[in-house]
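Asks: Based on the provided sequences and hints, a complete structural model is requested.
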Amino acid sequence: MKPLDLWAHELRRTGPAALAGPPALVLLMALLSMFGAWLGSRESTTAFMLAGALEMAMPLITGMAAASSLGRDHAVELQLTLPVSYRSTVLRRLAVMAGWTGLCAAAGSAVLTLGGWWALVPGAPSGLAVQLVWLAPALWLAALGLLASAAFGSAVAATTTVAFVWITEQVATETLQSVPASRLFYLFATMRGTVPGDWTANRVVLLCTAVPLIAAAWPLLGRPERILGGEKE
Amino acid sequence: MIATLRYEFLMQIRRPIMWIVYGLTYITLVAVFWPAYRTLSFTDDGGHDPKLAMLTSAKLIMVLLPIVYGCLIADRLIRDRRLGVATIMDASPADPFGRLTGKYLGVCAATAVPIALAFFGRAVVYAMTEGKVEALAWSVAVFPTAVLPGLAFLGALALAGPLLMPPLPFRVLFVAYWFWGNLIPADMMPTLSHTIFAASNEYVAYGLFGQTFEGLAYGPWPDAALNALRPVASPAVAVLWMGVMVALTIAILLITRLHAARSES
Amino acid sequence: MRIQISQLTKTYKGGVHALKGIDLDVPTGMYGLLGSNGAGKTTLMRTLAGLLRPTSGTVRLGGHDITTQDGRLAVQRALGYLPQDLGVYPDLTARRFLDYIALLKGIDGRSDRRRRIGELLEVVALGEHADRRLKGYSGGMLRRVGIAQALLNNPRLLIVDEPTTGLDPEERIRFRTLLSHLAGDRTVLLSTHIVEDVAQTCQSLAVLARGRLVFQGHVGELVARAYRQVWTVTTSGTAPSTGRIVAALPHGAGMRYRVVAPVPPAPAAEPAEPTLEDGYLALMEAAPPA
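Residue numbers (numbering that gives the first Met the number 0), protein chains in the order written: chain A, 0 to 232; chain B, 0 to 264; chain C, 0 to 289.
These are computed hints drawn from the structure, not numbers from a lab.
Using N, Cα and C, we set each Cβ at its ideal position, and we do this for glycine too.
It cannot be assumed that every hint is accurate.
Covered by chain B, according to a simulated footprint, are these stretches of chain A (three or more residues, beta-carbon under 8 angstroms) [what the hints assert, rightly or not]:
#1 56–70
#2 168–179
#3 198–210
Replies: Here you go:
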């Protein structure tokens with residue numbers, strides 16, 4: 000176990016740009032929850048937007064941050080010559096970012112629970128399962144972002160990939176939900192609906208398939224030459 | 000300006016990652032919009048009208064590919080700063096606004112090449128399979144009117160945005176903007192979608208090329224906010240939309256130049 | 000830590016041959032690696048630091064084979080590396096930057112780190128500026144931070160790649176002196192294209208040209224390459240057309256040229272005492288084309 004000081008450094012290296020997104024989103028959610036009616040938003044619309052922020056916006060922020068893991072490090076050449084593998088440094092930063100996003104998302108889900116908004120979202124889960132609303136797509140997009148980052152060696156290409164997948168899932172809902180295989184990988188099964196009984200399977204598949212995505216990124220992250228030759232941002 | 004344009008165009012067009020990402024996204028686009036992409040029609044008429052087929056083709060590529068286009072442009076200006084080229088450029092006798100314009104045109108033109116290839120390539124395939132050569136003429140008319148104005152505006156936005164905030168939040172906001180401001184139904188929430196300020200809308204299709212859908216006029220949506228920005232489609236409104244896109248582009252480039260001038264002083 | 004390189008080649012994607020069959024033996028102490036830009040120095044340094052994988056050949060550092068995972072790890076534990084373009088985190092102070100690198104080098108104890116960082120900041124004369132953010136540092140100060148980070152783990156092998164490029168004369172001399180003091184019982188491999196840096200700090204050196212090793216030996220041997228090949232020509236007419244002009248100084252109404260050439264470049268040419276730079280140029284003139 001590495002000393003806490005190292006984790007504190009990695010928190011700083013993750014960068015304010017990556018860390019500021021999730022709390023900003025939760026703040027917006029809290030404001031919308033409190034002042035939505037005053038702004039003229041219907042209750043069902045407010046509930047939809049709050050849950051959408053959790054299932055759609057939070058994973059987008061996480062995925063884009065993970066996709067930017069490589070290419071932003073000013074001292075990458077130095078890092079690659081250190082006895083600690085750069086792969087573990089990247090994963091530590093990713094863990095910091097994911098942990099922070101998780102905390103913020105849990106706070107966001109508390110906003111929905113405390114305001115009783117979940118009841119207004121058709122097909123929304125209850126109990127602890129509400130955490131899967133954001134966790135499954137966030138983890139899957141983060142894993143995709145990491146793999147794209149390692150495979151392309153370019154933050155631009157990796158973030159573009161995450162952005163493209165996210166938008167495609169938004170606009171091609173019917174196509175993706177019409178086939179059982181793609182339905183199980185569909186990221187927004189809570190907000191955009193799915194076949195009754197498929198929601199839990201969808202979440203489990205997303206969580207499980209995130210693992211091979213990270214596993215595929217693992218060997219690529221272990222090649223210093225590849226990381227050194229990637230595009231810098 | 001011409002030298003900058005040429006340099007930036009070549010720098011971007013030679014970037015392998017651009018072609019790889021466009022290639023992957025194009026395959027995905029074809030897969031998710033199948034069979035509409037095969038027939039170039041959203042209805043059962045089978046896309047036998049070449050004009051409508053080209054309009055559909057433009058609509059399809061303008062749903063997903065602009066995200067790739069914008070994200071790929073978003074690192075170009077900050078790259079100069081990172082590589083230390085900006086200082087050298089600033090010391091050159093070239094007019095700064097001319098250089099910015101050259102950079103903008105070069106980067107955007109290069110990044111739009113794969114989109115143009117996808118569009119005109121599909122037009123050629125359509126012309127051959129349907130035996131309708133006039134599709135090529137329609138494609139030449141549709142691309143600059145229905146696609147280019149939107150791309151011009153998005154290019155300026157993507158180029159300038161990362162000067163105001165770090166690239167990561169900019170890209171997140173760019174995706175959110177594209178979804179909120181261009182793709183969602185206008186009656187879902189207050190949105191710029193389907194207004195004359197949206198980079199992707201159908202004013203040119205309905206206003207300039209006379210496309211119709213079940214006799215409904217394109218423009219205001221029932222129960223939608225901001226309908227004042229959704230006039231009924233007509234040739235004049237289509238031209239207005241193009242003008243708005245060009246005006247926004249120029250405004251963004253001017254703001255970018257002013258911002259750079261302030262940073263320099 | 001002894002460096003033994005045998006038949007090392009490195010070919011990049013696209014077929015660029017950066018290193019072509021390098022055989023080199025580097026003993027303990029200060030060792031110079033000279034070569035023009037693009038000669039392959041950085042590729043060699045990066046290969047030794049475990050950043051690049053050789054295309055073929057063997058590289059052993061202190062008996063460890065750098066091409067194996069275990070060997071690379073063992074070398075990196077004993078390595079201090081200062082890259083040509085040292086990237087730092089501009090938002091950190093020198094002290095915090097060194098603290099972070101120390102943690103990554105496995106110095107986990109907080110008090111050990113603090114003590115070591117304090118010592119090194121004094122060694123590189125940055126004690127007064129230690130709590131300033133790195134974004135405000137000059138090029139020379141950043142190089143000194145780079146050396147400090149390289150020394151954190153008390154390395155047996157120190158690789159410094161073009162460390163004095165862009166520094167003012169005072170900083171360059173200070174840096175060279177610092178490197179000489181550090182050599183002692185460790186191997187310090189100084190890669191540079193500035194001949195003077197090697198002349199002032201190293202006893203032995205190797206010269207790379209277009210990916211090939213064209214010389215290895217003592218500084219004196221390289222100087223000897225220019226023996227009877229260095230001339231001064233004073234003329235008010237045109238510059239000598241044979242040989243390589245090393246220096247040109249105004250002299251009265253004419254010019255005084257220093258020329259490296261195998262034969263007198265002009266009838267009035269006078270022989271001169273060769274320097275390391277002359278030896279290097281004589282070697283380059285004689286080196287076979289790629």
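Asks: Please go over all the hints and tell whether each is borne out by the structure.
Replies: Structure-based check of each hint:
1. 56–70: holds (count 6)
2. 168–179: With 5 residues closer than 8 angstroms to chain B, the region 168–179 of chain A meets the three-residue bar; holds.
3. 198–210: violated (count 0)
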